[in-house]
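A.B. asks: One letter stands for each residue in the lines below.
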Amino acid sequence: MATTSRFKTLKDMPVEDYLTPGNTMCAGCGGILAVRIFHKVLGPNVAWINAAGCMTITMSYPLSPIKSNWLYTAFASAPAGAQGVRDALDFLIAKGRLPASEDMKVVVVTGDGAAYDIGFQATAGAIDRNLDFYYLCYDNEAYGNTGFQMSTSTPFGASTKTTPATEAFPLGNTGRKKDLFEVWRIQKAPYVATLSNSHGVDFLRKVEKGGTIKGPKLYIDFAACPTGWGFDPKDSVEVEKLVVQTGIWPLKESVNGVVRHTFVPRSLVPVKEYLKTQERFRHLFEPAEKSEAVSIIQSQVNEYWRKAAAAEDLDVRLPEGAR
Amino acid sequence: MNGKLLTGNAAAASAARLARVDYVPAYPITPQTEIIETIADWVRERKMDTKFVQLESEHSMMTAAGAASLAGARVFTATSSQGLLYALEMLYNVSGWRAPMVLVNVSRALAAPIVLEPDHNDVLAARDSGFLQLHAETCQEVADLVLMAYRVAEDRRVMLPAIVNLDGFYLSFTRERVLLPEQEAVDRFLPQYRPLHPLRASRPVAKGAAVMEGYVYTYFRYNMHAAALRARKVFSEASRDYERLFGRSYGPVEGYMLDDAEYVLVMSNSFTTIGRQAVKRMRERGVAAGLLKLRMVRPFPSEEVAALLRGRKAVAVFDQNLSPGSGGIFYPEIAASLYNAKGRPAAILPVVGGLGGKQLTPKEMTTIFEEMQAIAKEGKTPSPMYLMRNDELARVKRAVALAQGES
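Residue numbers (our numbering), protein chains in the order written: chain A, 325 to 647; chain B, 204 to 610.
Any given hint could be a false lead.
[What the hints assert, rightly or not] No more than 30 angstroms apart at the CA atoms, straight line, and that leaves these computed lysine-lysine pairs for DSS-like:
1. A/Lys596 with A/Lys576
2. A/Lys419 with B/Lys250
3. A/Lys538 with B/Lys254
[As the list claims (entries may be wrong)] What follows is a list of derived Cβ distance ranges for each label pair:
4. B/Arg513 with A/Asp452: 34 to 44 angstroms
5. A/Ala418 with B/Ser405: 16 to 26 angstroms
6. A/Gln445 with B/Gly582: 53 to 63 angstroms
7. B/Val408 with A/Asp341: 17 to 27 angstroms
8. B/Ile317 with A/Asp556: 53 to 63 angstroms
9. A/Asp452 with B/Arg359: 29 to 39 angstroms
10. B/Arg513 with A/Gln445: 47 to 57 angstroms
11. B/Tyr295 with A/Gly535: 32 to 42 angstroms
12. A/Ala418 with B/Lys207: 29 to 39 angstroms
[Claimed, not checked] Just a few of them, taken from the derived set where beta-carbon distance is under 7 angstroms, the chain B residues facing chain A:
13. Glu259
14. Ala276
15. Asn296
16. Ala412
17. Ala429
Simulated from the structure, these hints should not be mistaken for lab results. Owing to the predicted nature of the structure, the values given are computational and were not obtained by experimental measurement. For each residue, glycine too, the CB sits at the ideal point set by N, CA and C.
Go ahead and model the full structure; you've got the sequences and the hints to work with.
C.D. replies: Written out as structure tokens, the structure reads:
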């Protein structure tokens, strides 16, 4: 990562907080933590543009935990809301009807349901128009706010309310998680990055880097969801760390289409150790381990890192016995 | 008489330009497209100082429109038919945001089957959205009502978005003489938009916040309703100013040969012109016929309707729309306006016609008056009339037979 960053260690995390203590999110919510860190880097002048999801209920009239502007749009069209706000600010400032000091960073914040599914088209439109905005997707791999149903971000093997693991359907979800990073990248977004709250310096630097780029800056934060995934809320950041160490969630960025991994786990932790931390994967291990399913997940990870290692000349050691 | 020959679409675009709109998010759909093409031309030729952006759907277009309004811009956009329905979710949001933008809807009947010509099922699907609605009969009205819509929508007593409706083809592509007001006078009528609590770095606000309790929701919805009701008075004030500046006056309803009329036809939009012809024919036959045109649809002008229809022998409500399983959409609204009125007409005849732009012969229109007369004389209960002629039905059957290879 660029050595010019003002973020060298976690101690460089800005002390200013734009979230007040206390909000309506579940204990251990990865999403609200991502919003908090993101906001620290952006500073005070922000217009958050929200789509329906967990984060929508942080803004419960007449209380707000966020000290900046907020607009809830609808499920499918937050990027279009960002378009309207960005265009209006640009026009009014250009005409001298608004001082430049009123300019704001326009940030779409949605879950994976909006980003991967229902708002997919609106995001594509905003990328095509090269809209100067940030997109923060807090990805908890399902429709969390409605009680944890499958989205196209749900990974293979996860049990959700609409893909429950049963005797007849022992694997839960049999679809593969959509590669939204790649989808956004090939649409020629100038900056796309993955984030994990457990890797704070990497997170801070990526948001900082986005600030130097004009156009769409799109982030997918791996947001642990204790309520939906079934683990102790105190372990949220540990789970987020483990998903990076197993290689399931690669930390990377794409600048003008060129991908670079920003954190390379030298030795991948077996996926099993991550899967075992959560209720949503419990059926893969009980009553007996479904080793075929687990090895499918492991081989997907191995395949990913073999290609990445070849492309970027990385030194990654796969788990022992990996095929 | 001076003026320019303008299509209804050109009149709408011209009014947006005169209103000095800041922002036009757009998406094409027939028969509205000429409006956004005209504005795009003007913007690119530097004849109009406006930010124009083409979105990827009407849903996004309406989202951008409402959001820009909340950020302090005067916003204009246009759509039709399926586009309005695609955007419908956002109409409810934009009115809930109290974003006073103006949307021109160029009516086109809804699929399926897909068709291009107008009826009002599209705009009436937005009836309950919280948008004010003004419906135009002529191209002149289109231009005038767009300007009046901004004045009413942006009034601090209202702060609600507005739809101005015109019929596809019959107005959108028909050139009529239109008097466009002078820019200077429009600027006096419609000063620069001053947003209320906009999104601002210096004074952050939250818009569209969630409410978790029904009573809080009720509080907001009643506020919207009260604001919409206040729009009646604000519209009347705007109308007086408009007349003073431009010499044309618009009430929420408009009567035609109404003073002594015993049989009154209630209509809206461009087909009203056909209704006027029917009234004339009936008058020539010695029948005391009259017409009441609905111009303001939201807020609904129930007081004016009741005042102008009381004491008539019979009333017919012409609905150019159909709610399958119920009938016309305006009919129950007119009936509700009259039910508690003293001296209400003995009979109100429901008429549905002009669906998908189906043309109406003079005879079809005069038949409505004949039916009203029969009902009044015989005291019978009116049964709904659904207009379609035998020759039209025969043409459908002939076409089907041809397609099936029968000679």
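A.B. asks: A/Ala418 and B/Ser405, beta-carbon distance inside 16 to 26 angstroms?
C.D. replies: holds, 18 angstroms
A.B. asks: Starting from the hint 17 to 27 angstroms, judge whether the C-beta atoms of B/Val408 and A/Asp341 obey it.
C.D. replies: With a Cβ separation near 20 angstroms, B/Val408 and A/Asp341 satisfy 17 to 27 angstroms, so the hint holds.
A.B. asks: Just to be careful: measuring from the Cβ of B/Ala429 to every Cβ in chain A, is the smallest value less than 7 angstroms?
C.D. replies: violated, 18 angstroms
A.B. asks: State, for the Cβ atoms of B/Tyr295 and A/Gly535, whether the hinted interval 32 to 42 angstroms holds or is violated.
C.D. replies: holds, 35 angstroms
A.B. asks: 53 to 63 angstroms was suggested as the range; check whether the CB atoms of A/Gln445 and B/Gly582 agree with it.
C.D. replies: holds, 58 angstroms
A.B. asks: So the hint says 29 to 39 angstroms: do the beta-carbon atoms of A/Asp452 and B/Arg359 match that?
C.D. replies: For A/Asp452 and B/Arg359 the Cβ distance comes to about 38 angstroms; the hint holds.
A.B. asks: Hinted pair, alpha-carbon criterion (30 angstroms max): A/Lys596, A/Lys576. Please report holds or violated.
C.D. replies: Holds: A/Lys596 and A/Lys576 sit about 23 angstroms apart, inside 30 angstroms.
A.B. asks: Does the hinted range 53 to 63 angstroms hold for B/Ile317 and A/Asp556 at CB?
C.D. replies: Between B/Ile317 and A/Asp556, where Cβ atoms are some 55 angstroms apart, the hint holds.
A.B. asks: Is it true that the CA of A/Lys538 sits at most 30 angstroms from the CA of B/Lys254?
C.D. replies: holds, 19 angstroms
A.B. asks: Using the Cβ atoms, figure out if A/Ala418 sits within 29 to 39 angstroms of B/Lys207.
C.D. replies: holds, 31 angstroms
A.B. asks: Taking 7 angstroms as the limit, does the beta-carbon of B/Ala276 come near enough to a beta-carbon in chain A?
C.D. replies: holds, 4 angstroms
A.B. asks: Report holds or violated for the interface hint on B/Glu259, using the least CB-CB distance to chain A and a cut-off of 7 angstroms.
C.D. replies: For B/Glu259, the interface hint holds, since the closest Cβ of chain A sits about 3 angstroms away, which is under 7 angstroms.
Of the numbered hints stated above, those contradicted by the structure are hints 4 and 17, listed in ascending order.
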